[in-house]
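Colleague: Residue-level listing of the chains:
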Amino acid sequence: SQQGEEDPQALSIQEGENATMNCSYKTSINNLQWYRQNSGRGLVHLILIRSNEREKHSGRLRVTLDTSKKSSSLLITASRAADTASYFCATPISSGSARQLTFGSGTQLTVLP
Amino acid sequence: ETGVTQSPTHLIKTRGQQVTLRCSSQSGHNTVSWYQQALGQGPQFIFQYYREEENGRGNFPPRFSGLQFPNYSSELNVNALELDDSALYLCASSPGQQETQYFGPGTRLLVL
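Listed in order, the protein sequences are those of chains A and B. If you want the working numbering, it's the position in the first sequence, counting the first as 1, plus 19. Quick note on numbering: the working numbering labels position 25 of the second sequence as 23, and the sequence is numbered without any gaps.
In case anyone wonders, no lab produced these hints; they're calculated from the structure. Remember, it's a predicted structure, so these values are computed and weren't measured experimentally. Note that the Cβ used here is the ideal one computed from N, Cα and C, for glycine as well. Just to be clear, a hint being listed does not mean it is correct.
Claimed, not checked - A short, non-exhaustive set of chain A residues, derived as facing chain B with CB atoms under 8 angstroms: (1) Asn50; (2) Leu62; (3) Ser116.
Stated by the list, open to error - Chain A regions said to be covered by chain B (calculated; three or more residues, Cβ under 8 angstroms): (4) 63 to 77; (5) 123 to 130.
To be verified - Computed list of chain B residues with no C-beta within reach of chain A, every gap over 10 angstroms: (6) Leu9; (7) Thr18; (8) Gly26; (9) Asn75; (10) Asp83; (11) Leu108.
So that you can see chain A by itself, here it is in the shape it has in the complex (with noise of 0.2 angstroms):
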């Protein structure tokens, strides 16, 4: 079962605009995570905000949490081509004596040259 959603499904916007992407999940969490992914190809992390965080930065990136409201959202500003791939947010959730990552179905972001 899925526990993020991702929000939008696709974004497209010029090169220097900023992106928004927000995530909603379903149950408590202890942190929360947003991954990467070009084409297709492996996740890279990007960045990880613990429960008793409301901000987080890293370069570029900026992402925020609201337990109460059981969101996320990540802004990437001044946008580049590269920045072109799927953002998924991830929330570690126990699974026997594991601790898996769950996935939403992420956003498509496309950055115009």
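Place chain B on chain A using the hints.
Modeller: The following block gives chain B in isolation, referenced to the frame of chain A:
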């Protein structure tokens, strides 16, 4: 530091056949997880191995099985392939039960 590697990159099989996918974890990582990603969907957790033991499993039938070796590399085996098994199979490693996972490039499996 070598990242997570997977082989083969692409594979075509026919329904009913068996397949083995391989993964080498990142140096120092003793936990390996496998995910299935259907086209247009997010990855779905198959199972996780820690110190050569399966320690968690998602909603996948027993014909999906795995192994982890003493060097922490891993295999995913799928028996009696079905058309719906066509997907990108991703391996991810992490040191212990660290929350962040490091993904390989994936193996794209097509079942005809």
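Colleague: Would asparagine 75 of chain B pass as off the interface with chain A, using Cβ distances and a cut of 10 angstroms?
Modeller: At roughly 18 angstroms from the nearest Cβ of chain A, asparagine 75 of chain B sits farther out than 10 angstroms, so the non-interface label holds.
Colleague: For the hint on asparagine 50 of chain A, does the least C-beta distance to chain B fall short of 8 angstroms?
Modeller: Because about 6 angstroms separates asparagine 50 of chain A from the closest Cβ in chain B, which is inside the 8 angstroms limit, the hint holds.
Colleague: Is the hint on serine 116 of chain A kept, meaning its closest Cβ partner in chain B is under 8 angstroms away?
Modeller: Since chain B brings a Cβ to about 5 angstroms from serine 116 of chain A, closer than 8 angstroms, the hint holds.
Colleague: When you look at the beta carbon of glycine 26 of chain B, is every beta carbon of chain A farther off than 10 angstroms?
Modeller: holds (16 angstroms)
Colleague: Compute the least Cβ-Cβ separation between threonine 18 of chain B and chain A, then decide whether it is above 10 angstroms.
Modeller: With a cut-off of 10 angstroms, threonine 18 of chain B remains clear of chain A, as the shortest Cβ separation is near 19 angstroms.
Colleague: Could you let me know if the closest chain A CB is still more than 10 angstroms away from the CB of leucine 9 of chain B?
Modeller: holds (15 angstroms)
Colleague: So is leucine 108 of chain B really clear of chain A, every C-beta pair being over 10 angstroms apart?
Modeller: Nearest chain A Cβ is 13 angstroms from leucine 108 of chain B, so the label holds.
Colleague: Taking 8 angstroms as the Cβ threshold, is the statement that the region 123 to 130 of chain A is covered by chain B upheld or broken by the three-residue rule?
Modeller: holds (count 3)
Colleague: Does the region 63 to 77 of chain A contain three or more residues whose Cβ lies closer than 8 angstroms to a Cβ of chain B?
Modeller: holds (count 3)
Colleague: Holds or violated: is there a CB of chain B closer than 8 angstroms to the CB of leucine 62 of chain A?
Modeller: holds (4 angstroms)
Colleague: Checking the smallest CB distance to chain A, is aspartate 83 of chain B really beyond 10 angstroms?
Modeller: holds (16 angstroms)
Hint check: no violations occur; every hint is consistent with the structure.
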